[in-house]
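K.L.:
Sequence:
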Amino acid sequence: MGKYNYITSKVARNIISTLKNSYKQLNQTNRKCDLEVGEYFDEKSNVEFDVELQVEFCLRFKDNFLIDGCVYSEMDTPQIIIKIGLDETQKWKLLSQLYPELKEIIRHEIEHLTQRGINEKSGKYCRRNNAVRQKIMFDILPSYRYYILKDEVDANIQGLYVKAKALKIPFQIVIDRYLNNLVDMGTIKEGEKKRIYKVWKKRIPKIGGIPKLN
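Numbering (my numbering), first residue to last: 1 to 214.
It is worth saying that the hints were derived from the structure and are not from the lab.
Among the clues, some could well be false.
[As the list claims (entries may be wrong)] So the derived label-pair ranges between C-beta atoms look like this:
| hint | residue 1 | residue 2 | range |
| --- | --- | --- | --- |
| 1 | P211 | N180 | 16 to 26 Å |
| 2 | N214 | N14 | 32 to 42 Å |
| 3 | I140 | V183 | 17 to 27 Å |
| 4 | T187 | N214 | 30 to 40 Å |
Yeah, the Cβ is synthetic: ideal placement off N, Cα and C, and Gly gets one too.
All chains, please: the whole structure from these sequences, using the hints.
P.N.:
Next comes the structure, spelled out in structure tokens:
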């Protein structure tokens, strides 16, 4: 599992550098900007992909920043897109806070890369589940179902474990905070949180190399 640590850290550092190097471009009239981070091939993990960064400065990010990601794993050259929204009153003061979050989302998306396409690894394949995702998006199915999709379970666990190591705090605390935050935001209900936790707890020993949950 540790074989993805190097490439995860490298991409996170490069994203921070890209943000710093693009200071002028991001502080002019355009509050949104697409930035090419780079092309990657990691011999240790045998994964290859491009990374693109989408940045937006906006006062609506009341929690100072928003970070998300997506992956296109079945392209000829797989691509990870990282989306960052920054509170424009804080700007670059937030970069140090971004690093653990970046490591989480990058490791999450790398896990998706290994589930399909040219980066697929033995035992990690997950078939497409677009129909279920669409139903969740349009509230036909409850939101908590997203967090127990087969491909999302492993991606969430791997990403949150990397975040725990970056923050140097127990994995259990990171998991509890993450799920409690989903409840606080109204994304899931308390009973649904327990169901997600149960699925993740059961899955962790099968992944291996990750601390068990209580």
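K.L.:
Return the numbers of the hints above that this structure violates; sort them in rising order.
P.N.:
4
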